[in-house]
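If you're matching them up, the sequences are chains Y and W in order.
So that you can map any letter, position 21 of the first sequence is 21 in this note's numbering, and since no number is skipped, the others follow by simple counting.
So that you can map any letter, position 107 of the second sequence is 526 in this note's numbering, and since no number is skipped, the others follow by simple counting.
By construction, these hints were calculated from the structure, which means they are not laboratory data.
It cannot be assumed that every hint is accurate.
[What the hints assert, rightly or not] Incomplete in silico selection of chain W near chain Y, CB under 7 Å:
1) 487
2) 517
3) 521
4) 738
5) 742
6) 785
7) 795
8) 796
9) 800
[As the list claims (entries may be wrong)] Distance condition first, Cα-Cα at most 25 Å in a straight line; then the derived DMTMM-like pairs of lysine to aspartate or glutamate:
10) W/433 to Y/404
11) Y/398 to W/822
12) Y/398 to W/779
13) W/433 to Y/403
14) Y/398 to W/664
15) Y/14 to W/823
16) W/817 to Y/226
17) W/817 to Y/348
18) W/817 to Y/358
19) Y/14 to W/779
20) Y/398 to W/777
21) W/817 to Y/403
All residues carry an ideal CB built from backbone N, CA and C; glycine is no exception.
The primary structure of each chain is shown beneath.
2 protein chains.
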Amino acid sequence: MKSLLIRDIVLDNKPADILIQGNRIKSIGRRLPKNAGRTVDGRGLTALPPLFNCHTHAAMSLLRGYADDMRLSEWLQTRIWPAEARFSRDDVRIGARLACLEMIKSGTTFFNDMYWHGRAAAEAAEEMGMRAVIGAGFIDGGDPARGAAQRRMLEEVRQELSGFSSRILFAPGPHAIYTVSSESLRFIKAFAGEWGLPIHIHLSETESEVNDSIGAHKLRPAEYLDSLGFLGPEVFAAHCLHLSEREVDLLAASRVKIIHVPASNLKLAAGGQMPYRALTKAGASVLLGTDGCSSNNSLDMFQTMKMAALLQKHAANDPASLPAPDAWAMATAVAAQAFGIDAGRIEEGRLADLILVDLDRPECAPGYNLAADLVYSANGYCVDTVVCDGRVLMLRRKVPGEEEIIADARRAARRLANA
Amino acid sequence: MKSLLIRDIVLDNKPADILIQGNRIKSIGRRLPKNAGRTVDGRGLTALPPLFNCHTHAAMSLLRGYADDMRLSEWLQTRIWPAEARFSRDDVRIGARLACLEMIKSGTTFFNDMYWHGRAAAEAAEEMGMRAVIGAGFIDGGDPARGAAQRRMLEEVRQELSGFSSRILFAPGPHAIYTVSSESLRFIKAFAGEWGLPIHIHLSETESEVNDSIGAHKLRPAEYLDSLGFLGPEVFAAHCLHLSEREVDLLAASRVKIIHVPASNLKLAAGGQMPYRALTKAGASVLLGTDGCSSNNSLDMFQTMKMAALLQKHAANDPASLPAPDAWAMATAVAAQAFGIDAGRIEEGRLADLILVDLDRPECAPGYNLAADLVYSANGYCVDTVVCDGRVLMLRRKVPGEEEIIADARRAARRLANA
Numbered sequence: 001m002k003s004l005l006i007r008d009i010v011l012d013n014k015p016a017d018i019l020i021q022g023n024r025i026k027s028i029g030r031r032l033p034k035n036a037g038r039t040v041d042g043r044g045l046t047a048l049p050p051l052f053n054c055h056t057h058a059a060m061s062l063l064r065g066y067a068d069d070m071r072l073s074e075w076l077q078t079r080i081w082p083a084e085a086r087f088s089r090d091d092v093r094i095g096a097r098l099a100c101l102e103m104i105k106s107g108t109t110f111f112n113d114m115y116w117h118g119r120a121a122a123e124a125a126e127e128m129g130m131r132a133v134i135g136a137g138f139i140d141g142g143d144p145a146r147g148a149a150q151r152r153m154l155e156e157v158r159q160e161l162s163g164f165s166s167r168i169l170f171a172p173g174p175h176a177i178y179t180v181s182s183e184s185l186r187f188i189k190a191f192a193g194e195w196g197l198p199i200h201i202h203l204s205e206t207e208s209e210v211n212d213s214i215g216a217h218k219l220r221p222a223e224y225l226d227s228l229g230f231l232g233p234e235v236f237a238a239h240c241l242h243l244s245e246r247e248v249d250l251l252a253a254s255r256v257k258i259i260h261v262p263a264s265n266l267k268l269a270a271g272g273q274m275p276y277r278a279l280t281k282a283g284a285s286v287l288l289g290t291d292g293c294s295s296n297n298s299l300d301m302f303q304t305m306k307m308a309a310l311l312q313k314h315a316a317n318d319p320a321s322l323p324a325p326d327a328w329a330m331a332t333a334v335a336a337q338a339f340g341i342d343a344g345r346i347e348e349g350r351l352a353d354l355i356l357v358d359l360d361r362p363e364c365a366p367g368y369n370l371a372a373d374l375v376y377s378a379n380g381y382c383v384d385t386v387v388c389d390g391r392v393l394m395l396r397r398k399v400p401g402e403e404e405i406i407a408d409a410r411r412a413a414r415r416l417a418n419a
Numbered sequence: 420m421k422s423l424l425i426r427d428i429v430l431d432n433k434p435a436d437i438l439i440q441g442n443r444i445k446s447i448g449r450r451l452p453k454n455a456g457r458t459v460d461g462r463g464l465t466a467l468p469p470l471f472n473c474h475t476h477a478a479m480s481l482l483r484g485y486a487d488d489m490r491l492s493e494w495l496q497t498r499i500w501p502a503e504a505r506f507s508r509d510d511v512r513i514g515a516r517l518a519c520l521e522m523i524k525s526g527t528t529f530f531n532d533m534y535w536h537g538r539a540a541a542e543a544a545e546e547m548g549m550r551a552v553i554g555a556g557f558i559d560g561g562d563p564a565r566g567a568a569q570r571r572m573l574e575e576v577r578q579e580l581s582g583f584s585s586r587i588l589f590a591p592g593p594h595a596i597y598t599v600s601s602e603s604l605r606f607i608k609a610f611a612g613e614w615g616l617p618i619h620i621h622l623s624e625t626e627s628e629v630n631d632s633i634g635a636h637k638l639r640p641a642e643y644l645d646s647l648g649f650l651g652p653e654v655f656a657a658h659c660l661h662l663s664e665r666e667v668d669l670l671a672a673s674r675v676k677i678i679h680v681p682a683s684n685l686k687l688a689a690g691g692q693m694p695y696r697a698l699t700k701a702g703a704s705v706l707l708g709t710d711g712c713s714s715n716n717s718l719d720m721f722q723t724m725k726m727a728a729l730l731q732k733h734a735a736n737d738p739a740s741l742p743a744p745d746a747w748a749m750a751t752a753v754a755a756q757a758f759g760i761d762a763g764r765i766e767e768g769r770l771a772d773l774i775l776v777d778l779d780r781p782e783c784a785p786g787y788n789l790a791a792d793l794v795y796s797a798n799g800y801c802v803d804t805v806v807c808d809g810r811v812l813m814l815r816r817k818v819p820g821e822e823e824i825i826a827d828a829r830r831a832a833r834r835l836a837n838a
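So here's chain Y without its partners, still in its complex pose:
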């Protein structure tokens, strides 16, 4: 079994070495055997768990900066959807690789994705060495024939992804209650149950989604999903900005995971506020995500942690709301646990996912409080080295092949823009 020794790092304020065997942390201590297959010199670096990006559309990094500062419907209808309609399977792979590169370079080793051409995104994550839940975007627009085709697609992607490593998981990705029929939502729930899969959905992003749901079903979005028997601990619901008290209780009671996406919510002026205090008080897990690059436009989870913490203080009119250590936990240990990934903490026996950060930089000085420095002041460039599943993905800020990944993305973008 391959082994990796990370020497002379700081872990929990103490000097330590970390010995990794295969994809797990074998031991943590001082003076570990020096005969590992590979050694990384960690002098001056601090070991931390990596970040988990719990809601994104990786391939959309190809549309970063393609259309900004526009009203939502115009933005989607005149710019984003026409461009996406031109995406080939290869564009999805190229865009997802660019996203993986940006995430690795900012210390993220896991992403919860939703897009089309799931196999292409899976290939990107697999090749780049990341963990991912590949959510197969599902839209039937209430059309039974399209619904049937999408259900076949789900099974196809599920089978395709079963050939990938254990780092790549599959999820049905019903887009939202207003784009997927109740029949398909019921099917997806049963399908996920049958195969033990998570489900990735957008929920209560805008007020019009709420109003349309009340108009169509006489129920608010989470109530409607509850009426279908859809809610459950395997459901990962992104946004959740316009929730009633009853919906907060429903989501928490059914142990749905809430994914907060602050930058995208502000940039698209989605309105409302993710009710962090009410949700956590009711016992819900709240995770963090960047959303896709066309609505953020950054995949740096350090920035997302800060935005989440600051936005909650503003919304709650209380600077003590969502303190830095909680934001850090949401992006690391809480997220790992929610997805059932045995990482998120650096401990013997756990999966060997970790980052080495270099705090020797002005924005991390003088260094009174690591959590505050990480959440409020650092950005992804403090990450020096990234390890995922026992494999070094970035060493001294170098990711193999990055020039080619960027060049491929530029070529694909020129083609999409000129098509």
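Model the placement of chain W on the given structure of chain Y, informed by the hints.
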């Protein structure tokens, strides 16, 4: 006169060389004479104006992470003020140097400061090669004797700073209407007029400031300043979160410069919203600042541009509000003009202040729109090289003496924390 040739950069999408003589841009073109005193190879880099941080308390970088996530009065009274009371003149210089280092490394060459020990902050800016308006913090608490002492302090600091280079300007810094008497505010207005100085003040940061002003003066804060004859084009007012329509009109009509400080406002839950659209519609200049490190905690103006743009979209419920090019202008050309600094644009004859950015990184790919990439996706680490007043302050991300600056800050912080 010393000359500097920056070769083979990209400027406005075209290849160019920039020849600097002394502290001004002498010529921009191709095939400029290669016999300059010093040459910087700009291949692969894009030249842009540097960023202007229009409201900060540089020395407070020594308190980054010292106290966070606390309610405002408790935070000030139990943590920040006692720590600041222990600041020596030397601590101010050490903290301001750390702030200068962080600003240079994120592409900022100008800061509008407010603090005590003005000479110490001026020394830091002078030594680091930045431009600064050193605002001498003025608080009299309504005490005539203290007011008299503070007026003498103003004159002393003014004289001390007159010996510095043209990069260092001086400003009286009356802290706020609730900490400075009306007599002193009138004195400061006259003093600034006599010497042609800007004035730097906090205005309408919290609702209690507004309520206290109404209680004491039967006027809202900007109305009260107007009643003293204080408002004018030389006044730089930070925050401006709780303004009435009448105050918006007053500030715009008197050409007061508004400094928006989004991260600090969110982090301290200051409430309200800087009324960007109303202010700009009324003709006011709105600039951007980070605030001090204890309430942000970052001095990276890239982050501040993004937060400002996103927050306005959210507040106006309109994703078209404060588009990326406007945020970029607020942090560059608009700010330079407001402070009467002949920079903010890269043009022949102007002061030689510029940054070279490296866009060859995943977060700036594929590169459809430079303004959107800079404001929404980049962070200060895209800045490769910084030139201010014809002098290279950072080359290939290296600033001379940075290890020592960080080490000094850590030593000073340990002393302050253990005092």
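Among the hints numbered above, which are violated by the structure, and what are their numbers in rising order? 14, 16, 17 and 19
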